[in-house]
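One letter stands for each residue in the lines below.
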Amino acid sequence: MLSLAIFLPLAGMTAILALPRTAHGAIRAVAIATTAAVLLILIGLWIGFDADGGYQFVQRVPWIETLGVGYAVGLDGLAMPLVLMTGFLFLAALVFSWPQSDRAKEYFAWFLLLETACLGVFSAMDLFLFYVFWDLTLVGMYFIIAIWGHAGARQAALLFFLYTFLGSLALLLGIIGLYLSAEPLTMDMAAIAAQQPFAEGGWLRHLVFFGLLIGLGVKVPVVPVHTWLPPAHAEAPAPGSAILAGVLLKMGTYGLLRILIEMMPGTAQDYAWLIIVIGVVSVIYGALVALAQTDLKRLIAYTSINHMGYIVMAIGAAALIGAGSVEGRALAINGAVLQMISHALITGALFLLAGVVWRRARTFELGDLGGLAPVMPAFAAAFGLAAFASLGLPGLSGFVAEFQIFVGTFDIVPVVAAVALIGILLTAGLFLWTLQRVLLGETPDRWRGLADLAVHEKAALLPMLAAVVAIGLAPWWVLAVIDGYGSALAAAIAR
Amino acid sequence: MPLGAISPILVLLLGAVATLVIGIFLPRDRQWWTALLCLGVLAGAAAAALPKLADPPGLVFDRSYAMDAPTLWTLLILLAGTGLVVGLALPAFRRDAREAEFYALLLFALLGAVMLAGAHDVMEIVLGVLLASVGSYALVAYRRADPGAMEAVLKYYLFGALTNIGMLYGFVLLYGLSGSTLLGEIGANADPANAGLMAVAAVLVLMGLGFKAGYVPAHFWIPDTYQGTTPAVAAFLSAMPKIAAVLALVRLVEAFPPERMVWAPLIAGVAAVTMTWGNIAAFRQTDIRRLLGYSTIAQTGYLLIGVAALHGSDLALPAVLYYFAAYVAANVGAFAVIAATGRFGLDEHRGLVRHAPWLAVAMLVSLLSLTGIPPLAGFVAKLALFVAALEAGYAWLMVLGLINSLLSLYYYLRVVGPMFLPAEPAEGLADMAPPRACVVVAGISAALSVAIGIGAVFLPEAGLAG
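In the order they appear, the protein sequences are chains A and B. Heads up: the first sequence runs through residues 1101 to 1595, numbered per my numbering. Heads up: the second sequence runs through residues 501 to 966, numbered per my numbering.
It is possible that part of the hints are untrue.
Partial list, derived from the structure: chain A residues whose beta carbon lies under 7 Å from chain B [as the list claims (entries may be wrong)]:
| no. | residue |
| --- | --- |
| 1 | ALA1246 |
| 2 | LEU1266 |
| 3 | LEU1562 |
Which stretches of chain B does chain A cover? Using the computed rule of at least three CB atoms under 8 Å from a CB of chain A, they are [to be verified]:
| no. | stretch |
| --- | --- |
| 4 | 874–881 |
| 5 | 885–893 |
Some chain B residues well away from chain A (every beta-carbon gap over 10 Å; in silico) [stated by the list, open to error]:
| no. | residue |
| --- | --- |
| 6 | LEU526 |
| 7 | ALA554 |
| 8 | PRO557 |
| 9 | ARG936 |
What the hints contain is simulated information worked out from the structure, not anything from laboratory work. These numbers come from a predicted model, not from an experiment. Virtual Cβ for every residue (Gly too), placed ideally from N, Cα, C.
Take the sequences, apply the hints, and build the full model.
Structure representation (structure tokens):
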């Protein structure tokens, strides 16, 4: 079933390619039906998932046996929530794209290809397969930004592709190093994690570590390798931004846990402070630079760097052995994973809402906006909720995730948690100020005629925000699954 | 000496002669039959080669030719690649005054490449290089009225003559040092005391093979020649003699025990310079033929990574062979697209995806495969090469290879980007009628790039004979 979910979008893409270019309605129907079916399958898997069961729904097919490569997919407590979130976000993004008429056939085709790639990254249990899907996401996102982006999209897309491909190559270096260190040579992720190939040291582990750190760090992105992100977000079409922020960035932090921490915890421990510092710097830097933005999408992009920084910080803290308790470590990991889900929903919604503004006002300039609340009440409510979730208001998902991260990190390295709190304060102020600039004040005459959220926009946003509230009020239905992974990993690191 | 041992080569030889003779008697409007004959010859040679894969490897014809898995796989790749080239040539040379001769020359040039691929005797290498070269000279200058073609062939010929003479000197030196022309005996007899002379011979031979394989410093003819000739011929030159020469180099390197002759550092250096030079020089090209020319140089650089890793990794040779297949499919695919559009400027393909979506997609797939993006063939091939390099202790070469992949992505996107991105379509694109044969070849090549990548279940377990 898992493989079906992964490759169903590819089948949908093939069907779309067979349709005539002008059949917009049929193309859209196929695309949305496909993503909806994928989500249904994933929900079915979620229901059947056993939180303490390790890898489930595993499927293995031999592939390139001379290289020790196999087609292997499966879900554990880390991957399960991420694939569900991916299926959810893609459906929302495509529903939001309902009116798409400019090269609609290619548009939906690329998005479906991208969905297969994203689901594949989180499901892969083989490094080769992982990398195949990982690189495919670059190609899909490049074309989505370049073709349907705003005025500067061409340069932004090129920068995105080259920069993240550089990251991919560094990652590949790390993967090859891991592969060659396994005995016998294998790309099987669980087998490599079980072997702990660098437990005895060796010079190669440093090369592998930095390959992985750079490769994954570019994707997250962390400061200082984040410079591709703001232009890519600013120029991408809104659904593209939502997927980029919601799904693609998570691949970086997912890799940090799945590869770096699981397969070489010893080396990660040696460099744990480096990871922590990178995370904290991203937190503070992202928040500060976001304050200076005058463009709504760039502002959200920088808060992304801030929010992803918490995850990196928590992962670094969890890798640090010799301080804190196993429980604290598990809290940090659980918080990091929950933050991935929470950030995907919140930032995905924020980018879609920015797209709502663009569709009506054709601007992202905060200086031009203002007074939108009276004319667009539903938009104002949604934007307000998403912004409060993003600044970490209790009762919403962002709070639960960040609270766990901070408690866990505080248990291990209290100073770090204290410093990172500055980031929370900054983003809180930032979002309040942004809400004021966009929604409040006198409505300028030119915005008086703006229409409120359309049906398809509500249909895309409502479930996302509902999930934010649901996780915020009752986090245990997600945490139960995540904790199966987090506690086991925390115990494994402590050993 | 059983002739059956070299039946694929005999089929090619007889087929080439038959094409030439039959062409003489065919009326002008039926000359294209020779193209079909040519395809039949290729299929016949493949049919003769396939059963031999099951045979144990061995040296045939007085131990001068190696019939082993590397030769056979390369032979099959050469046959398939040439078949695709015939498809490109069909519309380009239709009703040409000397249509039949074209296919005969193509088969002779291919025959040279095949001899080179299996050569286990330095005189056989010389023969292969010369046959492939002479056939290719004529192919390049086929449109002799075209001044561009004359310039192309002149550069090609002069460069070829110079490097071939150097290579001959190198082989004479090796003969003098070892008393034999057989690769195995040269390697075994060569006296390490004469290291200086050996090094001179090695450099001269490397130059000669470099002309066919297209690596630095024997690469200068490539962009000019590709630009001056037809895309079909460029597709042939950029793929078939190149991979054959690399395999000849592989045999040469393997013939020397590592303690007698250390090729690897020299080849690693050439690999590093070649891929970097090719990629950087491709940056500013505006003619796709020249850009692809530099790209093929860079691709040879990656192949040489595998040659350098031969003694240090068992994966190196299978990786090189796999790279042959991936490279031929992707490279022929890229040339097929420009053969179909008949346009060579980067800017002349603006908006191609609107008017000929399959050509644009074929170009995208081919160039991404050359970059090494999964799940395409080029990725598996590069991955295998890089693994071999790291295993053989060439971490620096592998890192350089990774960086070069990034560089290449930049200029490949310069080709593909305008085809897909929104813009006013280039002038006359709407009325363009691409020849169907070229479109089919582009489609087949792109499909092969995908199939060889995903269906990478086989990385041939290949060992050299002798």
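A quick look at each hint next to the structure:
The criterion of a C-beta within 7 Å of any C-beta in chain B is met by ALA1246 (chain A), whose closest approach is roughly 5 Å, and the hint holds. With 7 Å as the threshold, the beta carbon of LEU1266 (chain A) comes within range of chain B, its nearest partner Cβ sitting at about 5 Å, so the hint holds. Annotation: interface hint on LEU1562 (chain A) violated; nearest CB of chain B at approximately 32 Å, more than 7 Å. For a cut-off of 8 Å, the count of residues in the stretch 874–881 of chain B with a CB near a CB of chain A stands at 4, and the three-residue condition holds.
Here the stretch 885–893 of chain B counts 4 residues with a CB under 8 Å from a CB of chain A, which clears the bar of 3, and the coverage holds. Annotated as non-interface, LEU526 (chain B) keeps its C-beta farther than 10 Å from every C-beta of chain A; the closest such distance is 42 Å. At the 10 Å boundary, the C-beta of ALA554 (chain B) stays outside the reach of chain A, the nearest C-beta of that chain being 19 Å off. At the 10 Å boundary, the C-beta of PRO557 (chain B) stays outside the reach of chain A, the nearest C-beta of that chain being 18 Å off.
Annotated as non-interface, ARG936 (chain B) keeps its C-beta farther than 10 Å from every C-beta of chain A; the closest such distance is 20 Å.
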